[in-house]
Amino acid sequence: MIEFENVSFSYTGQEHGGLRDINLKISDGECVLFCGRSGCGKTTITRLVNGLIPQFYQGELHGRVLVDGQEISNIPMYQIAAKVGSVFQNPRTQFFNVDTDSEIAFGIENEARPPKKLAERVEQTTEDLHIQKLRNRNIFELSGGEKQKIAFASVYAMNPQIYLLDEPSSNLDMTSIQELKEHLRLIKKQGKTVLIAEHRLYYLMELADRIVYLEKGEIKGIYTPEEFWQLSEPDREHMGLRAVDLQAVFPPKAHLPAPPPVLELRNVTLRYKKQTILHDIELSAGKGEVIGVVGHNGAGKTTFSRALCGLHKDCDGQFLWESEPIERKERLKRSYMVMQDVNYELFADSVEAECSFGIRNPDQTLVNATLEELGLTPYRERHPNTLSGGQKQRVAVAVSMICGKDLLVFDEPTSGLDFDSMTQVAGLIQRLSDMGKVIFIVTHDFEFVCRTCSRVLHFDEGEMPDDVPVTMDALPKLRELFSVSDGKER
Amino acid sequence: MSGKRHKKELWLDPRAKLFLILMCVLSSMFAPSLAYQFILVMLIAILGAFCGKWKYVIKAVCFYAVICALTVWIMAEMTGTLRTMFIAFLGLFHKVYACGTLAGIVLTTTKVNEFLSAMNRVRAPKKLVIPMAVMLRYIPTIQEDWRYITDAMRMRDVSPSLAGFLTHPGMTVECIYVPLLMAASKAADDLSVASVTRGIENPNPRTCLVQIKCGISDWGVMAVAVAYLIFELCVRGGVIG
Numbered sequence: 001m002i003e004f005e006n007v008s009f010s011y012t013g014q015e016h017g018g019l020r021d022i023n024l025k026i027s028d029g030e031c032v033l034f035c036g037r038s039g040c041g042k043t044t045i046t047r048l049v050n051g052l053i054p055q056f057y058q059g060e061l062h063g064r065v066l067v068d069g070q071e072i073s074n075i076p077m078y079q080i081a082a083k084v085g086s087v088f089q090n091p092r093t094q095f096f097n098v099d100t101d102s103e104i105a106f107g108i109e110n111e112a113r114p115p116k117k118l119a120e121r122v123e124q125t126t127e128d129l130h131i132q133k134l135r136n137r138n139i140f141e142l143s144g145g146e147k148q149k150i151a152f153a154s155v156y157a158m159n160p161q162i163y164l165l166d167e168p169s170s171n172l173d174m175t176s177i178q179e180l181k182e183h184l185r186l187i188k189k190q191g192k193t194v195l196i197a198e199h200r201l202y203y204l205m206e207l208a209d210r211i212v213y214l215e216k217g218e219i220k221g222i223y224t225p226e227e228f229w230q231l232s233e234p235d236r237e238h239m240g241l242r243a244v245d246l247q248a249v250f251p252p253k254a255h256l257p258a259p260p261p262v263l264e265l266r267n268v269t270l271r272y273k274k275q276t277i278l279h280d281i282e283l284s285a286g287k288g289e290v291i292g293v294v295g296h297n298g299a300g301k302t303t304f305s306r307a308l309c310g311l312h313k314d315c316d317g318q319f320l321w322e323s324e325p326i327e328r329k330e331r332l333k334r335s336y337m338v339m340q341d342v343n344y345e346l347f348a349d350s351v352e353a354e355c356s357f358g359i360r361n362p363d364q365t366l367v368n369a370t371l372e373e374l375g376l377t378p379y380r381e382r383h384p385n386t387l388s389g390g391q392k393q394r395v396a397v398a399v400s401m402i403c404g405k406d407l408l409v410f411d412e413p414t415s416g417l418d419f420d421s422m423t424q425v426a427g428l429i430q431r432l433s434d435m436g437k438v439i440f441i442v443t444h445d446f447e448f449v450c451r452t453c454s455r456v457l458h459f460d461e462g463e464m465p466d467d468v469p470v471t472m473d474a475l476p477k478l479r480e481l482f483s484v485s486d487g488k489e490r
Numbered sequence: 001m002s003g004k005r006h007k008k009e010l011w012l013d014p015r016a017k018l019f020l021i022l023m024c025v026l027s028s029m030f031a032p033s034l035a036y037q038f039i040l041v042m043l044i045a046i047l048g049a050f051c052g053k054w055k056y057v058i059k060a061v062c063f064y065a066v067i068c069a070l071t072v073w074i075m076a077e078m079t080g081t082l083r084t085m086f087i088a089f090l091g092l093f094h095k096v097y098a099c100g101t102l103a104g105i106v107l108t109t110t111k112v113n114e115f116l117s118a119m120n121r122v123r124a125p126k127k128l129v130i131p132m133a134v135m136l137r138y139i140p141t142i143q144e145d146w147r148y149i150t151d152a153m154r155m156r157d158v159s160p161s162l163a164g165f166l167t168h169p170g171m172t173v174e175c176i177y178v179p180l181l182m183a184a185s186k187a188a189d190d191l192s193v194a195s196v197t198r199g200i201e202n203p204n205p206r207t208c209l210v211q212i213k214c215g216i217s218d219w220g221v222m223a224v225a226v227a228y229l230i231f232e233l234c235v236r237g238g239v240i241g
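Heads up: the protein sequence lines correspond to chains A and B, in order.
Going by UniProt numbering, the first residue of the first sequence is number 1, and it counts up by one from there.
Going by UniProt numbering, the first residue of the second sequence is number 1, and it counts up by one from there.
No lab work stands behind these hints, which were simulated from the structure alone.
Possibly wrong hints are sitting among the right ones.
A few chain A positions that, by computed beta-carbon distances, are all more than 12 Å from chain B [said to hold, decoys possible]:
#, residue
1, 17
2, 55
3, 191
4, 215
5, 225
6, 243
7, 266
8, 282
9, 335
10, 348
11, 469
12, 471
13, 472
One side only, chain A facing chain B, incomplete, derived with CB under 8 Å [to be verified]:
#, residue
14, 119
15, 140
16, 358
Heads up, simulated EDC-like pairs for lysine to aspartate or glutamate below, C-alpha to C-alpha not over 16 Å straight-line [said to hold, decoys possible]:
#, chain 1, residue 1, chain 2, residue 2
17, A, 25, A, 3
18, A, 313, B, 151
19, A, 216, A, 15
20, A, 287, A, 434
21, A, 329, A, 314
22, A, 83, B, 201
23, A, 83, A, 3
24, A, 188, A, 215
25, A, 333, B, 201
26, A, 220, A, 21
27, B, 186, A, 467
28, A, 220, A, 235
29, A, 329, B, 157
30, A, 181, A, 245
31, A, 329, B, 151
32, A, 25, A, 209
33, A, 333, B, 151
34, A, 189, A, 206
35, A, 477, A, 467
36, A, 313, A, 330
37, A, 25, A, 15
Backbone N, C-alpha and C define an ideal beta-carbon position, used for all residues, glycine too.
Only chain A is shown next, with the shape it has when bound in the complex (with noise of 0.2 Å):
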C-alpha cells in the first residue's frame, strides 16, 4: 500500500512541477493514471514514490509517503529499488550497459544475486516479455520501441511489487504503444501496483482502475475510467487532457485543392551504407501542403528527412525546385530540420543572439518581428535552455524563418506534449503553411496529424506504398496506418 499524507514538495530553484497538499492512497494491486497538463506535478509524484525526492532531486518537502508503513525518505535508495521499479521517458538514456542481456541483468546484479540465479531470472523474462529477438544485441542499434522493452525487462527482473511509469510512451510508435499495453497487463495480471505518469490516455483506459487528474500540483478530481469516458470533447480539452479514444478523433471532412507542385521528386533511390533504404520514390509537394510522414521505425523516415534536408549524401534521382533541378547543397541552404531533440540546434546564449546566429549581416527588424510573430518576444533576453520544449522548438521556427527556408521537416514534434502544446504547435504548422513553406513531419501522433496534416506518406520496406490524404474518405486507411484499433477493445 502506498500512502501520501498531506505531502507538499517544491523543487529548489524552480516554480513548476511542486505539489500541495497531496492525501492519496493506493491500495496493493492497483493501476492508477495520473494526468494533466505539463508541469502539474505528475513526474513529482513518481518521484516520491521511488525515492528520488528526497534523495537525488533536492527540494522542500512536507508531509510524508509511506510505502507498506515505511516512510520512503528514511529507506536507502537501493533498498527502495527492490520494492519499486522505474520506467522512464527517454530509452536512450535509461541504460547502463552496452548490451541487452547485462542490461536485463543489471537490477538483479546489484541485488547481488548469485549468477546461476541471475542467467535464470534473465530467461524467465525474455520468456514472459517475449523479448527472445532483442537477446544478446547492442543497445544503440534498437529502435526507441525496443529500447523501451529493455528499460521494462531490466526493472521487471528485479520483480518489484511497484511499478512506475514516467510517460513511458513518449518516445514509442504506435505498435510499441500496443506492446508497452500487453507489458502492463502482464504485471497487472500478476497483482503488481502499478502508477503512470502519461499525457497519451488512450492505451491506458482499459488498465487503469483510477484516474487522477492534478492540476497545478493538487488532485483536482478521481475518476473511474467509465466516469472519465463520460467528460465531454470540450471539458476534457479544457482540461489540456489528450484523447481517451482514438476512435472519436476525425480528419477534417475537406481540404482546400492541392496548390500546384513546388517540390517534386523523381525516382529517388535512398541508401545507408550501401544498403537500399527507399527505392524509387516519386512525389511532389505544393507550397503550403503540410505532409505528415509514418512508417516503423527503421522504415527510412529519418533518411528521408535527412535527404529532402539535403543532409543525406547517398542517394540517386532527381530532386526539383520548381521544376529546376536542386542539388544537396542547394536543399541544406532552402531546408531547415525541427529535430525531436531541439537541444542540438541551440547554440547561442540567448534567443535574440540565437536568431542572428551564423548570419553574417542579420537584418534586426526581421529578426524583430519573427520574435513578435511567434510570441517569443518576451523571452529575447533569455537563455534558449532555459526554455520550456514548446518554446525551444518555436525558437529553432524563428532561426528557419529567419533564415528564409522554406522547406521545413519537423521530427515528432508533439512527443510528450500534453493538450494545450499539442494545439499550439499545430498553430504554428498552420501559419507557417499560410506563409507557403513546404512541411514535412515525422510523427506517430495521430490526434496531430488529425489536426494540421492534408496528406500522410507512408514508408514500408523500404517503399513508399501509400500516399494518403488526411479526409474522412480516407478514414479507414489512416485508422490502419496508425493501428487505431477498431474500438472494440474497450
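Dock chain B against chain A, hints included.
The following block gives chain B in isolation, referenced to the frame of chain A:
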C-alpha cells in the same frame, strides 16, 4: 550469452586492462628513444587487432607514423625557437599517444557490467567506481550526439569540417560544445537516476551475469607488458646495448 563474445576475439579481464594501462604509462615514461615509443605503439596495435579493432589500430598506427616522420624531420632540419617549441609539444604528444591509443581500445572493448564486477573484486570504493562506470557508458552516446550536432551545424551554414574550424574557430567550437554540454549534463542525470533506481548503491558485493576471471591470455598479455618495461629499463640502465 557467451556466443558472441568468443567469436575469435581476444577477451581480457578489466583488471588486466587496467594493469596494461599502468604498464603503458610507465613504458612511455621510461622509453629511451623514439624507436621504443614506436615499438610500444605497435605492440598496442597488435593487441587492438586481436581484440577486433582493426580499423582503429590501422588509423592509429598510420597517424603515429606520420607524426614520427615529422618529428625526425624537425629534429634534423629546424633550428632555434621554432625547434624548441615543436620539440616540447611533440615530446608531450609522444608520451601521451601510446596511452591514449590503449585507452581507446580498453574503453571500446569493456562492458560496463564487467568493469563494475571487476572493480568489485579488487574492492575499489563505489564512490570511485560509479562515476567511472557512468563515464564508460557515456562515451558511445557522444557518437550519437555528434551526428545530430553536425546536422544542425550544416543547416545553419556552419561547416563541421576542419576547414570550417580553421576559418571560424570560435563559432565552430561554440556549435559543438554548447549542445554537447547540454546533452551531457542531461544524460548524466538520467543515467544516474536510472542506476540508483535499480539499486546500484547496494553495499553488498555485486554479482555479474558474465563470469570474469583472469585467464591465460590475461597473464600472457600482462607478462609481455612487464617484459617490455623491464627491457626498456635495462636499455636505460645500460645493461643491454
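The hints, checked one at a time:
1. 17: Holds: least Cβ distance 15 Å, greater than 12 Å.
2. 55: Label violated. Min Cβ-Cβ 8 Å, cutoff 12 Å.
3. 191: The assertion about residue 191 (chain A) holds, with a minimum of 21 Å to chain B.
4. 215: Residue 215 (chain A) clear of chain B: closest Cβ-Cβ about 26 Å, beyond 12 Å.
5. 225: Non-interface label stands for residue 225 (chain A): nearest chain B Cβ at 28 Å, farther than 12 Å.
6. 243: Holds, because the least Cβ-Cβ distance between residue 243 (chain A) and chain B comes to about 29 Å, which exceeds 12 Å.
7. 266: Given a closest Cβ separation of 24 Å, the condition holds.
8. 282: holds (26 Å)
9. 335: Given that some Cβ of chain B is not farther than 12 Å from that of residue 335 (chain A), nearest at about 7 Å, it is violated.
10. 348: violated (8 Å)
11. 469: For residue 469 (chain A), whose nearest Cβ neighbour in chain B is about 30 Å away, the distance exceeds 12 Å, so it holds.
12. 471: Given a closest Cβ separation of 33 Å, the condition holds.
13. 472: At roughly 37 Å from the nearest Cβ of chain B, residue 472 (chain A) sits farther out than 12 Å, so the non-interface label holds.
14. 119: Holds: closest Cβ of chain B sits about 6 Å from residue 119 (chain A), inside 8 Å.
15. 140: Nearest chain B Cβ about 6 Å off; hint holds.
16. 358: holds (5 Å)
17. A:25 to A:3: The given pair, whose Cα atoms are some 5 Å apart, holds under the 16 Å limit.
18. A:313 to B:151: Given pair residue 313 (chain A), residue 151 (chain B) holds - Cα atoms ~12 Å apart, limit 16 Å.
19. A:216 to A:15: holds (10 Å)
20. A:287 to A:434: Cα-Cα ~9 Å, so holds.
21. A:329 to A:314: holds (13 Å)
22. A:83 to B:201: At roughly 15 Å apart (the allowed maximum being 16 Å), residue 201 (chain B) and residue 83 (chain A) satisfy the hint.
23. A:83 to A:3: Distance ~15 Å between residue 83 (chain A) and residue 3 (chain A) Cα, so the pair holds.
24. A:188 to A:215: violated (27 Å)
25. A:333 to B:201: violated (50 Å)
26. A:220 to A:21: holds (11 Å)
27. B:186 to A:467: violated (38 Å)
28. A:220 to A:235: Satisfied, since the Cα-Cα distance of roughly 14 Å is no more than 16 Å.
29. A:329 to B:157: holds (10 Å)
30. A:181 to A:245: holds (15 Å)
31. A:329 to B:151: holds (13 Å)
32. A:25 to A:209: holds (13 Å)
33. A:333 to B:151: holds (13 Å)
34. A:189 to A:206: Within the cut-off at roughly 13 Å; holds.
35. A:477 to A:467: holds (10 Å)
36. A:313 to A:330: Distance ~13 Å between residue 313 (chain A) and residue 330 (chain A) Cα, so the pair holds.
37. A:25 to A:15: With Cα atoms ~26 Å apart, residue 25 (chain A) and residue 15 (chain A) exceed 16 Å; violated.
Hint check: violations occur at hints 2, 9, 10, 24, 25, 27 and 37; the rest are consistent with the structure.
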